[in-house]
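**Student:** Positions in the sequence shown are counted from 1; adding 17 to them yields our numbering.
Simulated from the structure, these hints should not be mistaken for lab results.
Here a beta-carbon is modelled for each residue, glycine too, at the ideal position from N, C-alpha and C.
Be aware that one or more of the hints could be misleading.
Said to hold, decoys possible - Computed Cβ-Cβ distance ranges for the label pairs, DEER-style:
#1 Thr-59 to Ser-24: 51 to 57 Å
#2 Ile-53 to Ser-24: 43 to 49 Å
#3 Val-36 to Pro-72: 33 to 39 Å
#4 Val-37 to Ser-71: 38 to 44 Å
#5 Ala-28 to Ile-53: 34 to 40 Å
#6 Leu-19 to Ala-55: 53 to 59 Å
#7 Leu-68 to Leu-48: 37 to 43 Å
#8 Pro-20 to Ala-50: 43 to 49 Å
#9 Val-33 to Arg-66: 29 to 35 Å
#10 Ser-26 to Leu-47: 28 to 34 Å
#11 Leu-19 to Thr-54: 34 to 40 Å
#12 Gly-31 to Ala-62: 42 to 48 Å
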Amino acid sequence: MLPRPRSVSPAAIGGVVAVVLVVGAVVVSLLLAVAITALSLTVCALVIRSLLASPHR
18 MLPRPRSVSP
28 AAIGGVVAVV
38 LVVGAVVVSL
48 LLAVAITALS
58 LTVCALVIRS
68 LLASPHR
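Build out the structure end to end from the sequences listed, making use of the hints.
**Tutor:** The following block contains the structure:
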């Protein structure tokens, strides 16, 4: 005799969906923070290089 499959309550499904959405939002925000940091470091490096390469008056 095969075991009867358990039914999953809609509340459990909603909880899993909420956890997935929260984890996804955290991951996206961390990646966005890394991208913004990399962009700002690039801009700073370009400005410093430009200042160092310019002839002194």
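**Student:** All hints are to be evaluated individually against the structure, with a verdict given for each.
**Tutor:** Okay, the hints, checked on the actual structure:
At roughly 53 Å, the beta carbons of Thr-59 and Ser-24 sit within the given window of 51 to 57 Å. At about 45 Å, the CB distance of Ile-53 to Ser-24 agrees with the hint of 43 to 49 Å. Checking the proposed 33 to 39 Å range against Val-36 and Pro-72 shows it is violated: the Cβ atoms sit about 58 Å from each other. A C-beta distance of roughly 51 Å is found between Val-37 and Ser-71, which places it outside the suggested range of 38 to 44 Å.
Take Ala-28 and Ile-53: their Cβ atoms lie about 37 Å apart, and the range 34 to 40 Å holds. Remark: the range hint 53 to 59 Å for Leu-19 to Ala-55 is upheld by a beta-carbon distance near 55 Å. For Leu-68 and Leu-48, the Cβ-Cβ distance of about 31 Å falls outside the hinted range of 37 to 43 Å, so the restraint is violated. Between Pro-20 and Ala-50 the Cβ separation comes to about 47 Å, which falls inside the hinted range of 43 to 49 Å.
At about 49 Å, the beta-carbon gap between Val-33 and Arg-66 misses the expected band of 29 to 35 Å. At about 32 Å, the beta-carbon gap between Ser-26 and Leu-47 stays in the expected band of 28 to 34 Å. Restraint check, Leu-19 to Thr-54: a C-beta distance of roughly 55 Å breaks the suggested window 34 to 40 Å. Judged by the Cβ atoms, the range 42 to 48 Å given for Gly-31 and Ala-62 holds: they are separated by roughly 47 Å.
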